[in-house]
Each structure stands twice: as C-alpha cells, then as structure tokens.
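There are 2 protein chains.
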Amino acid sequence: MFTARIYVTLKEGVLDPQGGAVMNSLHTLGYQSVKDVRVGKYLVVSVQASSQEQAEKQVNEMCAKLLANPVIEDYKFEFVGE
Amino acid sequence: MFTARIYVTLKEGVLDPQGGAVMNSLHTLGYQSVKDVRVGKYLVVSVQASSQEQAEKQVNEMCAKLLANPVIEDYKFEFVGE
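Here the protein sequences line up with chains U and G, keeping their order. Residue 55 in my numbering sits at position 55 of the first sequence, and the numbers go up by one each step. Residue 71 in my numbering sits at position 71 of the second sequence, and the numbers go up by one each step.
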C-alpha cells in the first residue's frame, strides 16, 4: 500500500478569491502583517500497487483526470512510508 | 517576508465525506486500487515579520483562530525560503 500526499494549487496569475477572503478575515482579526494568501487542496490517497512506479503512474493520472483542473491548477505529490 | 505552507487535515477518526466522495469518483473512473482518500486544506501565507520566531507565533495563532477548527482538525506548517 502506497500513500501519496497530493498538493493542488492554483497556477500563478490565476485569481484566488478564496485566498483573498481568508486574507481579509485575517486583517479583520488584526493580522495586518499578512501580505498574501493562496488556498489550495491537500489530499492523502492510499493506493494498492505492485511498485512505487505503478502507484506514481496511477496518482499522476488521477490528478490529471479528477483531482486537479490542469487548465488553472498545478499539482505535485510525494509518497510517504509504505 | 516569510512564507508559510500550512496543511490542515481532519483529525483521525473524524468522518470525511468529501474524501469519501472523491474515492467513489475515483472508483467510478476505474481506480479500484484506491483504498482511502482524506481531503484537507493547503494554504500559502506570506507574513511580514522581524524574525522567523515572530512569524511562527503569528501563523500558529492564525491557524488556531481562523484557518483550522481545533475541535476536528489538525494543522502543521513550515516556512519556505525568505
């Protein structure tokens, strides 16, 4: 069993209204020192595979097909433990 | 300027319907090898601070007050670059 940590982020230059809303809330709470906030997704996916290469191939496909929108989002992933 | 990468995840044992929905979708797409999916949040926050200790203190407070719900979520963060 392989466990992948997947990070999905908006590409640079893509407007992030959710991040803007979080930043406004932080300012309202008194954290004027916050200059930028970007919000992304974090997924932990456990995959049964015969090898890490196999698992990598599958996770890569899943990201491209479902987990990220390749038009506006980037993704990266790493495997942890076994 | 300090940039923090913040990971917010549901605590173990807390039901994750969003993760369940993603897993079902992956199964529907043919990825039967997926055994578990947990969905969390990933935030990148830029903070102006005089030292990394100061920035750490602030980010920690922000997580506890706004970015994570300490009742059902855990958070961790790390600083990248300068």
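Please note that a few of the clues may not be correct.
Derived Cβ-Cβ restraints for the label pairs, each shown as a range [what the hints assert, rightly or not]: (1) Lys65/U - Gln48/G: 33 to 43 Å; (2) Gln32/G - Thr28/U: 13 to 23 Å; (3) Gly13/G - Glu78/U: 17 to 27 Å; (4) Gly13/G - Pro70/U: 19 to 29 Å; (5) Ser46/U - Ile72/G: 17 to 27 Å; (6) Ser50/U - Gln54/G: 27 to 37 Å; (7) Asp74/U - Gln18/G: 13 to 23 Å; (8) Glu78/U - Glu73/G: 26 to 36 Å; (9) Pro70/U - Phe79/G: 21 to 31 Å.
Covered by chain G, according to a simulated footprint, are these stretches of chain U (three or more residues, beta-carbon under 8 Å) [what the hints assert, rightly or not]: (10) 19-29; (11) 67-81.
Footprint (simulated), chain U over chain G, 3 or more residues, beta carbon under 8 Å [unchecked claim]: (12) 19-29; (13) 33-40; (14) 44-58; (15) 68-78.
No lab work stands behind these hints, which were simulated from the structure alone. Beta carbons are placed, not taken as given, at the ideal position from N, Cα and C, and that holds for glycine.
In ascending order, which of the hints set out earlier in this document are inconsistent with the structure?
Violated hints: 2, 4, 6, 8, 11, 15; rest satisfied.
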